[in-house]
Structure formats: structure tokens, C-alpha cells
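As given, the protein sequences belong to chains L and P, one line each in that order. Residue numbers for the first sequence follow this note's numbering, beginning at 1 and rising by one. Residue numbers for the second sequence follow this note's numbering, beginning at 1 and rising by one.
Think of the hints as simulated: they come from the structure by calculation, not from any bench. By construction, the Cβ of each residue, glycine as well, lies at the ideal position given by its N, Cα and C atoms. A portion of the hints provided could be inaccurate.
[Unchecked claim] Ranges of calculated distance between the beta carbons of each label pair, as one might list FRET restraints:
id	chain 1	residue 1	chain 2	residue 2	range
1	P	LYS77	L	HIS73	39 to 45 Å
2	P	GLY35	L	ARG22	40 to 46 Å
3	P	TRP36	L	GLY47	18 to 24 Å
4	P	ARG145	L	GLN35	30 to 36 Å
5	L	LEU66	P	HIS73	32 to 38 Å
6	P	GLU187	L	GLN35	38 to 44 Å
7	P	LEU10	L	ARG22	47 to 53 Å
8	L	ASN38	P	HIS73	14 to 20 Å
9	L	ALA15	P	LEU112	22 to 28 Å
10	P	TRP111	L	ALA15	49 to 55 Å
11	L	ALA15	P	ARG97	24 to 30 Å
12	L	GLY47	P	ARG191	29 to 35 Å
[Unchecked claim] Only some residues are given here: those of chain P computed to face chain L with a beta carbon under 7 Å:
id	residue
13	ALA83
14	PRO84
15	PHE94
As a plain string of letters, each chain reads:
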Amino acid sequence: MTTTPDETKETAALAAFTEVVRDGVGPHTPAELDQGLNSLYARIAAGRAQRWGLWRWSLVGVTALLCAVVGLHAASDYRKRLRVSVPPALTYHIEGGSVIEGGYLRESGHQGIKLLFNEGSKLVLMPGTRGRLRAVAPEGTRIAIDQGTAAFQVTPSSDRRWLVEVGPFLVKVKGTVFTVAWDPPSEHFELRLRHGRVVVSGPVSGGDIVLRAGQRLVVSLASAETLITDEKPEDDIAEPAGAPASSAPPAPALRPPVPRDKSAGVSPSNAKPEGERGWADKLANGHWDRILSDVERTGVKAALDEAGSEDLFALANAARYRRRTDLARAALLAERRRFPASTHALDALFLLGRVEEFGERGTARAIAWYDEYLARAPAGAYAAEALGRKMTLTNELGGSAEARPIADEYLRRFPRGGYARSARALVRGP
Amino acid sequence: MPTRRSHVPLTLVIARDRSDASDGDLAQGLVADEGWAIAETWRRFAPMVLAMAERALGSRSEADDLGQEVFYHVFRKAKTLRAPDRLRSFVYSFAVRELKSELRRKRLRAWLSFRQPEALVDMGSGTLDVEARDHLRRCHALLDRLSPRDRLVFVLRRMESMTVEEIASTMQLSVSTVKRSMIHASERLSRWIVADPGLADLLDAERWGR
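Given these sequences and hints, build the entire structure.
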């Protein structure tokens with residue numbers, strides 16, 4: 001490859017340029033190098049000191065940070081403890097009795113005992129009831145009912161826990177209004193839950209039983225029977241019969257149970273109306289066989305013609321529980337015929353539907369009873385149940401196409417009802 | 001007052017001459033933080049680093065500062081040297097990296113001050129006469145106009161006689177990039193020299209005995 005004169009000139013000029021720059025730099029003298037080395041030593045020493053200083057300050061910083069974290073944790077822990085201890089000590093005021101050694105609640109008269117707690121909870125022991133105050137602590141209260149009936153109104157609290165020992169049963173409570181009863185001779189347990197939620201554990205349940213508001217649990221250890229029934233909401237408020245008047249504001253939701261036997265005492269306010277046979281009490285106690293025995297003894301016709309409204313309704317239920325379909329139907333029809341204006345007359349419509357479901361080819365008749373109930377009591381206590389049963393039976397009888405409109409109506413009226421899941425399945429289709 | 005004499009025998013210990021230590025031994029001495037290794041590393045590589053820096057920067061004082069920076073980092077990072085025999089390359093790579101950074105800083109300073117950096121030729125206690133200093137100042141003024149990368153490639157190739165591959169390895173560039181950079185620098189310098197009649201005359205081959 002040849003180069004033009006200009007390129008030669010450029011190359012020569014560049015070479016000369018390079019030479020000027022390269023040769024313009026003289027070597028460092030030994031003294032300069034030694035001076036540089038000394039400077040380097042000084043810098044290395046300073047760097048080490050600086051690094052050690054940084055390390056030391058980092059150590060101090062980390063230690064301070066750790067101390068701060070530990071301090072914050074301790075402070076948080078302390079605050080938590082303070083918070084835990086924030087709830088004031090639980091105190092109570094007792095009326096109609098006293099607490100003696102071992103927490104035993106001794107009745108001073110014959111009017112029952114009332115305990116009023118400073119956080120609003122209230123406990124009423126019916127006359128003759130024997131109970132013990134096992135523990136009263138900021139974390140909660142533990143009460144034992146050895147015999148008799150007690151009504152509780154527990155103020156909801158996330159910090160406090162209420163435990164009620166009822167014979168061999170244990171009721172765990174949180175913010176609830178309920179009555180509980182235990183009769184040791186007959187080994188009969190009963191719990192009526194008006195508000196809230198309780199968990200009952202005991203020898204028969206075979207595990208914890210969760211009760212919702214409006215449910216009643218009856219356990220008879222002697223006959224190994226456990227019954228959970230839904231009750232209509234009861235709006236009336238009453239102090240326990242014969243219970244002493246309280247200086248505190250009245251418990252709005254406290255309601256005593258119906259006395260079960262003579263030992264519980266009968267006051268004029270809850271004496272049986274004339275003509276009543278006590279079947280309602282027997283039913284509440286789970287003694288439905290005794291009701292049926294009474295009917296057999298006196299005769300079915302006499303029972304249907306002479307028993308009062310409450311007794312007839314109790315008889316109908318006892319017959320239903322024992323699958324005496326004919327007797328149950330007859331009692332419910334008698335209820336409607338003889339006491340057409342009573343609330344039980346409306347309820348009888350629903351229960352007639354339930355009775356018909358037991359019999360063969362009773363599905364259509366059951367649907368008809370449910371329809372009549374829904375027409376007469378669209379907002380009745382059993383409206384949701386009646387519509388749900390109607391939907392189920394219609395699905396069985398006529399298929400999902402017929403049941404789907406009922407499911408739609410159910411979801412519209414009772415979106416959280418017990419049949420809501422089935423209704424949604426029907427609406428979604430196969 | 002009686003003087004108490006010690007009967008412990010004393011021996012004068014003379015430090016070993018480590019100038020014949022290999023680069024590998026030197027690197028291991030640095031890793032072990034031995035004092036002799038620091039001194040020997042400085043004596044062995046500082047002249048080369050300082051000269052290269054001076055040629056690239058055009059200032060002895062700046063080269064001295066850069067040399068301090070380079071060796072300080074070499075000693076601090078000696079433990080990261082995986083192949084002790086490659087200590088020379090290790091030092092070179094630090095020097096080139098520092099040079100590149102310094103050239104960029106200089107260019108940035110010039111850009112921020114909205115003026116071209118004045119080529120101050122500081123050749124220490126050299127014996128250059130006034131005319132030679134002027135030549136050198138004008139040459140460095142041209143070098144200042146190159147980009148840091150082109151300038152460094154040019155200095156390493158033409159003044160330090162490094163191969164293209166060595167430059168590429170030290171500057172972590174591809175060989176083709178180094179070649180392009182070299183051509184670019186040469187062309188521009190040549191053009192600028194020709195465009196400057198005074199400098200072209202001074203660099204006339206005959207005058208410089210070429």
C-alpha cells in the first residue's frame with residue numbers, strides 16, 4: 001500500500017508529536033519516589049485509622065440500634081401488659097343472699113339470688129337454686145350451678161371469658177343472654193339461648209354443641225336424649241319470679257325459665273291457668289313420653305277436646321318427636337279448630353306441613369300447608385323454614401324447573417337463610 | 001549511680017533484600033499485609049505508573065496524586081487478586097481505570113466551566129527550556145481536545161508501546177473498539193497538527209531529525 005505525500009507528512013508529524021510528549025516526561029528521581037512512598041504509608045495508616053473509626057462507629061450504631069429495638073420491644077411488651085391489666089377488676093354486688101366459704105351462694109330468703117357485676121353482666125339464681133362462684137377475675141368469671149335454674153345476661157367483652165358449669169356440662173359464654181337449668185335427680189339439663197352464642201360441652205353431646213340465638217337445648221342423661229329446638233323470639237322482659245328488686249337498672253333481656261317442678265317453687269305470677277295439664281313443662285323437660293302416657297290414660301278424644309292451647313301444642317310436639325303422626329296431626333288440627341286466634345294456630349299450619357312430610361305421599365299436602373302458612377304469616381317465625389321446605393319438596397316432586405322460582409324468592413327474602421345454599425344451587429342450575 | 005548492664009546477647013538483623021522477589025511473592029506479601037511488599041511494589045511499579053500518568057495528564061503533580069490513589073487501591077484490593085503472577089496487569093488495570101476517571105473528571109470540569117482547560121505543562125524539575133515547554137504545552141492542548149477514551153488509547157499505544165490486545169484487556173474494551181479509537185485519535189491529531197502551521201513547522205520531521 002502506498003501513501004500520499006500528505007499522509008507521509010501527517011504520519012511524520014504525528015510521530016514527532018508523540019516523541020515530544022513521550023520525551024517531555026522525565027523519570028522520577030529516587031528522592032521523589034521515596035517521598036511518594038512515605039506519602040503512601042501515611043495515607044495507608046490514615047485509611048486504616050479511618051476504617052477502624054468507621055467500624056467502631058458502626059459498632060456503636062449497631063449496638064445503639066439493638067438497644068433501641070430491645071427497648072421498643074420491652075416498652076411494647078410493657079404496654080401490652082398494661083393494656084391487659086387495663087380492664088378494671090371485676091366486682092359484683094349480691095342481693096338476696098351472700099357468698100360464703102368456697103364461693104357457695106347462700107340464699108338469705110326464698111326469693112332467689114341476684115348478682116350484679118360492675119361491667120354490666122347479671123346473674124339471677126331462681127329460688128332454691130344452688131350455685132357457687134368459682135372464680136371472679138379480670139379475665140373472666142367461672143360459676144357453677146349445682147342444682148336449679150339460673151339466668152345469665154353477660155355483657156360482651158373480648159377480654160373476659162365466662163364459663164358456667166352446670167352439673168356435668170360446661171357452657172362457654174361470650175356476650176349472651178340465656179337461662180340454664182340442671183336437675184341432679186332426673187339428670188336433666190336445659191339451656192335456652194335468647195341472644196348471642198354459647199358452646200356447650202358435656203357427657204352426652206359427644207363433642208361441643210354450638211347454640212345460636214333462639215335455640216333451646218334439652219339433654220336428658222337418664223334417657224340419653226339430646227334435643228335442640230328453635231324457639232320463637234320472646235320479647236317480653238321479666239325478672240325471675242320472686243327475685244329481689246334490684247337497685248341497678250333492670251336487665252332488659254333477662255327472662256326466667258318456666259319452673260319445672262314443685263321444688264322450684266311456684267309464685268302467683270307463673271301459676272298454671274286452670275285446665276292446663278303441665279304438658280308444656282313436661283315437653284320443655286324432655287318428658288314427652290309422660291305426655292303421651294297422660295293422653296293414653298285419659299283418652300285421645302278427651303285430651304283433644306279438653307286440653308288448653310299450650311297443652312295441645314305440647315302434645316302435638318311430643319307426638320311429632322315420637323313419630324306419632326296421626327296424634328300430632330289431630331292435636332294440631334284441634335289447636336286450629338279450638339283456638340283459631342292463638343299464635344299456636346298459625347304455627348300449627350307450619351307444623352302440619354312437617355307432620356305430613358313424615359307420611360308417605362304427604363309431600364303435596366305438606367306443600368299445601370306451607371303455602372297456607374306463608375299466605376297467613378308471610379313474616380312469621382317459621383316463614384323462612386316454610387319457604388325452604390316448600391322449595392325442597394317442590395324440587396323433589398316437580399324438579400328443579402318448578403323449584404327455581406321458589407329458590408329465587410327464597411334468596412330474595414332470606415339471602416342468609418338456612419336454605420340459601422340449596423337455593424343458589426337450584427338457581428345456578430345443573 | 002551504678003549502671004545496670006544487660007547480659008542478653010544482641011543481634012543486628014538486616015532486612016532481606018526483596019528486590020528479586022517474583023510478582024507472585026509480592027502479591028502474596030501484599031495479601032499478608034507485609035511492610036516490605038508495599039515498599040517493593042511501589043519501587044517496582046511506581047515509575048511506570050507515574051510516567052504513564054504524566055504523559056496522559058500532562059502534569060507531574062497530577063500524576064503523583066494519581067499514583068497515590070492507584071497504589072492505595074492496589075494495596076486495599078490486593079486480596080481480590082486471584083492470580084498473584086498477574087500483579088503487573090493488576091496494577092496497570094488500576095492505573096488505567098484511575099486515568100480514565102481522571103480524564104473524564106477533567107473534561108467534565110471544563111464543560112461545567114464553559115471553557116477549554118488550559119494546558120498547564122508541569123514537568124517537575126525537568127530541564128526543558130522555554131521553547132520545549134511551549135512545544136509540550138501545545139501538544140497537550142491538542143491531546144486535551146480528544147475524548148478521554150481516544151486520548152488514553154493513543155497514549156497507551158504510541159507512548160507506552162502497549163499492544164492493541166493489551167490495551168483492550170486493560171481498558172476492558174474490544175480489540176476493534178481500540179483500533180477504531182486509535183484511528184480516530186490519530187486522524188484528528190494529524191488534522192489538528194496540519195491545521196496549526198506553527199506547530200506543524202515545529203514538528204517538521206527534518207527539524208526533529210527524522
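Problem - Satisfaction of the PRO84(P) interface hint, Cβ to chain L closer than 7 Å - result: Result: violated, 20 Å to nearest chain L Cβ.
Handout entry: CB-CB spacing for ARG22(L) and LEU10(P) relative to the 47 to 53 Å hint
Key = 52 Å, holds
Handout entry: 14 to 20 Å as the expected CB spacing between HIS73(P) and ASN38(L), which holds or is violated
Key = 18 Å, holds
Practice task
May I ask you to test the hint 24 to 30 Å on the CB atoms belonging to ALA15(L) and ARG97(P)?
Solution key: This hint holds: roughly 28 Å between Cβ atoms.
Problem - Interface hint compliance - ALA83(P) to chain L, C-beta minimum distance less than 7 Å - result: Since chain L brings no Cβ nearer than about 24 Å to ALA83(P), farther than 7 Å, the hint is violated.
Handout entry: 49 to 55 Å as the expected CB spacing between ALA15(L) and TRP111(P), which holds or is violated
Key = 31 Å, violated
Practice task
For ALA15(L) and LEU112(P), compare the CB-CB distance with the range 22 to 28 Å and indicate the outcome.
Solution key: Because 35 Å falls outside the window, the suggested range is violated.
Handout entry: 38 to 44 Å as the expected CB spacing between GLN35(L) and GLU187(P), which holds or is violated
Key = Holds - the Cβ-Cβ distance for GLU187(P) and GLN35(L), about 40 Å, lies within 38 to 44 Å.
Exercise for the section: Classify the hint on PHE94(P) as holds or violated, based on whether any CB of chain L lies nearer than 7 Å to its CB. Expected result: With Cβ-Cβ at 14 Å, over 7 Å, it is violated.
Exercise for the section: Just tell me: holds or violated, for the beta carbon distance of GLY35(P) and ARG22(L) against 40 to 46 Å? Expected result: 34 Å, violated
Practice task
With respect to the beta-carbon atoms only, verify the hint that ARG145(P) and GLN35(L) lie 30 to 36 Å apart.
Solution key: About 33 Å separates the Cβ atoms of ARG145(P) and GLN35(L), which means 30 to 36 Å holds.
Handout entry: Satisfaction of the hinted span 29 to 35 Å by the C-beta atoms belonging to GLY47(L) and ARG191(P)
Key = Between GLY47(L) and ARG191(P), where Cβ atoms are some 45 Å apart, the hint is violated.
In the structure shown, a violation is registered for the earlier hints numbered 2, 9, 10, 12, 13, 14 and 15, in ascending order.
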